[in-house]
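Trainee: Now for the letters of each chain:
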Amino acid sequence: MNLLGAYTPGSSSIHKLDNAVRITDFAILFAAFVVASGFVWGYILSLSVLLFVFRMAGVPIKPVAAMFWRFRVFLLTVFLMNAFFQPSERPYFSFWIVTFSLDGVLFGLRMIMSIMLLTALSSVLTATATPVEITDGLRTVLHPLSFLKIPVDEASSIISIAISFIPVLASEGESIILSARARGALPGGRKIKDRALSLIPLALPLFLSAFRRADELASAMEARGYTGEKGRKRKIRIAFGRRESLSLVFSLLILLGAIALKGVFNVHTS
Amino acid sequence: MPSISVENISFSYGRGDVISSVSFCAEGAARIALLGSNGSGKSTLIKLIDGLLPLKRGDIKVNGCSVKDGDIRRIREKIGIVFQDPDSQFVSPVLEEDTAFGPENYDLPDIAERVRKSLELTGLYEARKRMPQTLSGGEKERAQLAGILASEPEIIMLDESFTMLDEEGRKEMRTLVDTIWKDSMVITITHSADEAISADRVILLSGGRIIADGTPETVLTDYKLLEEAGIKAPLAVRLRKALEERGFKLPPLLTAEELKEAIWNYH
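Chains as they are written, first to last, in the working numbering: chain A, 14 to 283; chain B, 124 to 390.
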């Protein structure tokens, strides 16, 4: 699986959500998780919400756990860096820039807990929406920024085209490797340097092909009347139904709950 | 009625003319084949007609509007081009959105309806939510047609299109084009004389110049001209010639069906 979990086709309520609403929901939940980080009851709330969202989406948790296991060295490093380099007034021991303390350990735990919770939540988003749906959702959500002259539509078009070209370039890359092998080239080797050098003859034709395709695409786009996003009549569509309303209410309640919990426990995170 | 008027145009990419003193006119629901070998200037010519390349010498008028001083967007709206490689022409990861690309650019009304109709006519409505790159070869070509059909152009230019399909697939696509655009002008750009047979006019290009302009019967049976243009005569014409050299006298013909008929009726 990839870093944030591959798309898993399904018919759950989250899968069926409007793209823009789904992005908004997850943004609110991200905010709630950030607010709820740093204290036990906050983590309990985040974890409960996460399990609920996983269940609602019908997405298995096991692959996400496996992903964390694969990144255990990274997580451990984050923990140790915080445990040993976090300044504290009550250190167990301190030497040069190294300070080991309970505060550092707790801060390290909080950090990896936050990373894991936010990554797991992201993986539900990527598991329930294709990259295209995510781009579409982002374009709709960020559309108001275009009034501030931020090129949201251009950016979303570039992302969309880049996504469309991934399978084409992947298949072209495969063909280049096969044709190189057919002519006796054996990409790879034991040393990293050899591996890197062996990629040059493969990368060059791929780059050339990508440029050729970009040129052809530009002609095709112009031939179909494209003169920049400014002149385009693109509709921003939001399918807002009962499901979307409920999901937004749910996300907002979680955010309010996180804020309330933080207020009740008067938590100050450093 | 769609019309194109190319008036004594020349074009160069920097060193030497790739199009030299080219003139021709066409109007109505004509079926024209622009025939020429690689580098003969046929693709450059259609890019000039569509205003994709800047014209400096001569003039081109599409439906009476000059590409030099007209509203190029309005000219392009009347022209639909299908280029050779469909994979390089998709602009959106969703077929439906890709089909809507042209009408959105031209600010046309009823975009959803246009997209639906175009996808239905090309038999791709069921695949409307799919990623165009994941379609089969024939479906990709049909997706290209849907993309230009949605803007309802009056002049269709097929630049070596459908060459990635087998003979059966190409035949199917040509039938589809003829059905959809029976009242429009269709210009086929090709290097194959066999592809040019079905046109009712053949313009033969060589070295950026028009060296012949006439019916397929006159242009595609002229060995000398075809040789000058670096084009092989249609298969049936070559077979007829070979038979003629062996003493068989057959009537002038172009297609395999005509050859079969001629041999069948040979006395």
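It should be emphasised that the hints constitute simulated quantities derived from the structure, not laboratory data.
The C-beta atom is built at its ideal place from N, Cα and C for all residues, glycine as well.
It cannot be assumed that every hint is accurate.
[What the hints assert, rightly or not] The calculated SDA-like cross-link candidates involving lysine to any residue, where the alpha carbons are at most 25 Å apart (straight line), are:
no.	chain 1	residue 1	chain 2	residue 2
1	B	Lys-355	B	Asp-289
2	B	Lys-184	A	Ala-231
3	B	Lys-347	B	Leu-376
4	B	Lys-364	B	Thr-344
5	B	Lys-252	A	Lys-75
6	B	Lys-201	B	Met-124
7	B	Lys-252	A	Lys-206
8	B	Lys-252	A	Phe-43
9	A	Lys-206	A	Ala-193
10	B	Lys-179	A	Ala-231
11	B	Lys-252	A	Ala-193
12	B	Lys-240	B	Thr-302
13	B	Lys-201	A	Ile-179
14	B	Lys-252	A	Ala-168
15	B	Lys-191	A	Leu-230
16	B	Lys-252	A	Ile-179
17	B	Lys-364	B	Gly-337
18	A	Lys-75	A	Phe-43
[To be verified] Under 8 Å between C-beta atoms, here's a sample of chain B residues computed to sit facing chain A:
no.	residue
19	Lys-179
20	Ile-198
21	Phe-206
22	Gln-212
23	Ser-215
24	Tyr-229
[Stated by the list, open to error] Distance windows between CB atoms, simulated:
no.	chain 1	residue 1	chain 2	residue 2	range
25	A	Thr-240	B	Gln-207	16 to 26 Å
26	B	Asn-161	A	Phe-87	47 to 57 Å
27	A	Lys-29	B	Gln-207	37 to 47 Å
28	A	Leu-217	B	Asn-161	19 to 29 Å
29	B	Ser-321	A	Lys-206	53 to 63 Å
30	B	Arg-180	A	Leu-217	34 to 44 Å
31	B	Asp-194	A	Ala-216	21 to 31 Å
32	A	Arg-225	B	Gly-137	33 to 43 Å
33	A	Ala-175	B	Tyr-248	23 to 33 Å
34	A	Ala-193	B	Ser-321	19 to 29 Å
Trainee: Determine for every hint whether it applies to the structure shown.
Mentor: Cross-check of the supplied hints:
About 19 Å separates the Cα atoms of B:Lys-355 and B:Asp-289, which keeps this hinted pair within 25 Å; it holds. In summary, the hint linking B:Lys-184 to A:Ala-231 is supported, as the alpha carbons are separated by about 23 Å, within the 25 Å threshold. As the CA atoms of B:Lys-347 and B:Leu-376 are separated by approximately 17 Å, the hinted pair is consistent with the 25 Å bound. For the suggested pair B:Lys-364 and B:Thr-344, the alpha carbons sit about 10 Å apart, so the restraint of at most 25 Å is met.
Of the pairs offered as hints, the one joining B:Lys-252 and A:Lys-75 is violated, with about 30 Å between alpha carbons and a cut-off of 25 Å exceeded. Between the alpha carbons of B:Lys-201 and B:Met-124 the distance comes to roughly 11 Å, so the proposed pair stays at or under 25 Å and holds. Taken as a hint, the B:Lys-252 and A:Lys-206 pair is broken in the structure, with Cα atoms around 44 Å apart against an allowance of 25 Å. Proximity of B:Lys-252 to A:Phe-43 is assessed by CA-CA distance (about 29 Å); at most 25 Å being required, the pair is judged violated.
The hinted pair formed by A:Lys-206 and A:Ala-193 meets the criterion: a straight-line CA distance of about 19 Å does not exceed 25 Å. With a C-alpha separation of about 21 Å, the suggested pairing of B:Lys-179 with A:Ala-231 holds against the 25 Å cut-off. Taking the CA atoms of B:Lys-252 and A:Ala-193, the gap is near 36 Å; set against the 25 Å cutoff, the hint is violated. Restraint check for B:Lys-240 and B:Thr-302: satisfied, since their Cα atoms lie roughly 14 Å apart, inside the 25 Å limit.
As the CA atoms of B:Lys-201 and A:Ile-179 are separated by approximately 32 Å, the hinted pair breaks the 25 Å bound. The hinted pair formed by B:Lys-252 and A:Ala-168 meets the criterion: a straight-line CA distance of about 22 Å does not exceed 25 Å. Between B:Lys-191 and A:Leu-230, the direct Cα distance comes to roughly 24 Å. Compliance with the 25 Å bound is thereby established for this hinted pair. With a C-alpha separation of about 18 Å, the suggested pair B:Lys-252 and A:Ile-179 falls inside the 25 Å cut-off, and the hint holds.
Between B:Lys-364 and B:Gly-337 the CA atoms are separated by roughly 21 Å; this keeps the pair inside 25 Å, and the hint holds. Of the supplied pair hints, the one linking A:Lys-75 and A:Phe-43 holds, its CA atoms being roughly 21 Å apart against a limit of 25 Å. Taking 8 Å as the C-beta cut-off, the interface hint given for B:Lys-179 is violated, the closest approach to chain A being about 18 Å. Of the supplied interface hints, the one on B:Ile-198 is violated, with its beta-carbon coming no nearer than about 10 Å to a beta-carbon of chain A, more than 8 Å.
With 8 Å as the threshold, the beta carbon of B:Phe-206 comes within range of chain A, its nearest partner Cβ sitting at about 6 Å, so the hint holds. Hint on B:Gln-212 holds. Least Cβ distance to chain A is approximately 4 Å, under the 8 Å limit. Checking B:Ser-215 against chain A by beta carbon gives a least distance of about 6 Å; that is within 8 Å, so the hint holds. For B:Tyr-229, the suggested interface contact is upheld, since its CB lies about 5 Å from the closest CB of chain A, less than 8 Å.
Roughly 23 Å separates the CB atoms of A:Thr-240 and B:Gln-207, a value that falls within the hinted 16 to 26 Å. Separated by about 53 Å at the C-beta atoms, B:Asn-161 and A:Phe-87 satisfy the suggested range of 47 to 57 Å. A hinted range of 37 to 47 Å holds for the C-beta pair A:Lys-29 and B:Gln-207, which are about 40 Å apart. Taken as a hint, the range 19 to 29 Å holds for the pair A:Leu-217 and B:Asn-161, whose Cβ atoms sit roughly 24 Å apart.
Our hint of 53 to 63 Å for B:Ser-321 and A:Lys-206 holds, since their Cβ atoms are close to 58 Å apart. The given range of 34 to 44 Å is respected by B:Arg-180 and A:Leu-217, whose C-beta atoms sit roughly 37 Å from each other. At about 43 Å, the CB distance of B:Asp-194 to A:Ala-216 disagrees with the hint of 21 to 31 Å. Distance hint for A:Arg-225 and B:Gly-137: a CB-CB separation of about 19 Å, inconsistent with the stated range 33 to 43 Å.
Look at A:Ala-175 against B:Tyr-248: about 27 Å separates their beta carbons, and that is inside 23 to 33 Å. In this structure the supplied range 19 to 29 Å is violated for A:Ala-193 paired with B:Ser-321, their Cβ-Cβ distance being about 41 Å.
In summary, the numbered hints that this structure violates are 5, 7, 8, 11, 13, 19, 20, 31, 32, 34.
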